[in-house]
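Listed here are the chains, written in short residue letters.
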Amino acid sequence: MNLVELENALKKAQASHAAHIFVFAHEMAFTCTNHGDDDNMAKYPEERDKFVDLLQSYGCEYFFAGHDHAYDWMSIKHTKWPAGYVLNQIVAGTAGAPFYEDKKILRRPSRVRPDPAGSQAEHSRLSPRHRR
Amino acid sequence: MQTEAPDVTVLPVRGNHEVHGDPDGKHWLAVFKPGLDSNGVSYFPGEEGFSYTWSPPGHPEIVIIALDQFSTPIM
Numbered sequence: 107m108n109l110v111e112l113e114n115a116l117k118k119a120q121a122s123h124a125a126h127i128f129v130f131a132h133e134m135a136f137t138c139t140n141h142g143d144d145d146n147m148a149k150y151p152e153e154r155d156k157f158v159d160l161l162q163s164y165g166c167e168y169f170f171a172g173h174d175h176a177y178d179w180m181s182i183k184h185t186k187w188p189a190g191y192v193l194n195q196i197v198a199g200t201a202g203a204p205f206y207e208d209k210k211i212l213r214r215p216s217r218v219r220p221d222p223a224g225s226q227a228e229h230s231r232l233s234p235r236h237r238r
Numbered sequence: 002m003q004t005e006a007p008d009v010t011v012l013p014v015r016g017n018h019e020v021h022g023d024p025d026g027k028h029w030l031a032v033f034k035p036g037l038d039s040n041g042v043s044y045f046p047g048e049e050g051f052s053y054t055w056s057p058p059g060h061p062e063i064v065i066i067a068l069d070q071f072s073t074p075i076m
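Protein sequence lines, in the order shown, are assigned to chains A and B. The first sequence begins at 107 in this note's numbering and counts up by one. The second sequence begins at 2 in this note's numbering and counts up by one.
A portion of the hints provided could be inaccurate.
Unchecked claim - Label-pair distances were calculated between CB atoms; the ranges are:
#1 B:LYS34 - A:ALA121: 24 to 30 Å
#2 A:TRP179 - B:ASP38: 21 to 27 Å
#3 B:PRO58 - A:LEU109: 24 to 30 Å
Unchecked claim - Below, computed lysine-lysine pairings styled on DSBU-like, alpha-carbon distance capped at 30 Å:
#4 A:LYS117 - A:LYS186
#5 A:LYS117 - A:LYS183
#6 A:LYS118 - A:LYS183
#7 B:LYS27 - A:LYS186
#8 A:LYS186 - A:LYS118
#9 A:LYS118 - B:LYS34
#10 A:LYS117 - A:LYS149
#11 A:LYS118 - A:LYS156
#12 A:LYS149 - B:LYS27
#13 A:LYS156 - A:LYS183
#14 A:LYS149 - A:LYS183
#15 A:LYS118 - B:LYS27
Source of the hints: derived by calculation from the structure; they are not laboratory data. In this text, all values refer to a predicted model and were calculated from it rather than measured experimentally. Note that CB positions come from ideal geometry on N, CA and C, so glycine has one too.
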């Protein structure tokens, strides 16, 4: 991921007075269900934090990903960010493969560590009712 | 890019499954770049067919930024 070009894109969005900026990638920034910290941006925490800091600094409130075959909405706050800012990480891996059926995976608690980075996360997760 | 639903714009990004077996994106570009071009996306320099921005026609207040699958640490 090229953070320089991402920032250039965010600058252009800001210059055009974009009120809503939505960023999409395949892998999530923070682990939510099946793919662990070694298999998403969490594998590179310093660089991952630069990525989410960049989204915050340009007012992007929604980051969409897939990778996990589930739905997970994580609201991420950070002590170094403005108090009212929340970055919503929405994992919508609900196409291309069946949902996970293992409820232990879907109930896995957040592995976003509250310290020392100061990030906090709240989850809202849906379990599929129907198999694809 | 054609879809089953008219007026629905499809904005694909590569994931780990697409990178495996097609690391240089040759097949991806053959299949998806023409549709992305016709959608009027703006590519990141050097990432044509992969990373881009797009706004719905007539709605510059909305900006979508699509980031290609990273295969190296974030730079």
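Now the hints, each set against the structure:
Range check, LYS34 (chain B) to ALA121 (chain A): about 27 Å between beta-carbon atoms, so the 24 to 30 Å window is met. TRP179 (chain A) and ASP38 (chain B) have their C-beta atoms about 33 Å apart, which leaves the hinted 21 to 27 Å range violated. For the pair PRO58 (chain B) and LEU109 (chain A), the supplied restraint of 24 to 30 Å holds, since their beta-carbon distance comes to about 29 Å. At most 30 Å may separate the alpha-carbon atoms for a hinted pair to count; LYS117 (chain A) and LYS186 (chain A) meet this at roughly 21 Å.
Taking the CA atoms of LYS117 (chain A) and LYS183 (chain A), the gap is near 23 Å; set against the 30 Å cutoff, the hint holds. Straight-line distance between C-alpha atoms of LYS118 (chain A) and LYS183 (chain A) comes to about 25 Å, which keeps the hinted pair within the 30 Å bound. Between LYS27 (chain B) and LYS186 (chain A), the direct Cα distance comes to roughly 42 Å. Violation of the 30 Å bound is thereby established for this hinted pair. For the hint linking LYS186 (chain A) to LYS118 (chain A), the alpha-carbon distance of about 25 Å falls within 30 Å, and the restraint holds.
Proximity of LYS118 (chain A) to LYS34 (chain B) is assessed by CA-CA distance (about 23 Å); at most 30 Å being required, the pair is judged to hold. Under the criterion of a C-alpha separation no larger than 30 Å, the hint pairing LYS117 (chain A) with LYS149 (chain A) is consistent with the structure, at around 27 Å. Of the supplied pair hints, the one linking LYS118 (chain A) and LYS156 (chain A) holds, its CA atoms being roughly 19 Å apart against a limit of 30 Å. This hinted pair checks out: LYS149 (chain A) and LYS27 (chain B) have alpha carbons roughly 27 Å apart, not beyond 30 Å.
Proposed proximity of LYS156 (chain A) and LYS183 (chain A) is supported: the alpha carbons are some 14 Å apart, at most 30 Å. Pair hint LYS149 (chain A) plus LYS183 (chain A) holds up; C-alpha atoms about 20 Å apart against a cutoff of 30 Å. Taking the CA atoms of LYS118 (chain A) and LYS27 (chain B), the gap is about 29 Å. The hint holds against a cut of 30 Å.
Checked against the numbered hints given earlier, this structure breaks hints 2 and 7; the rest are met.
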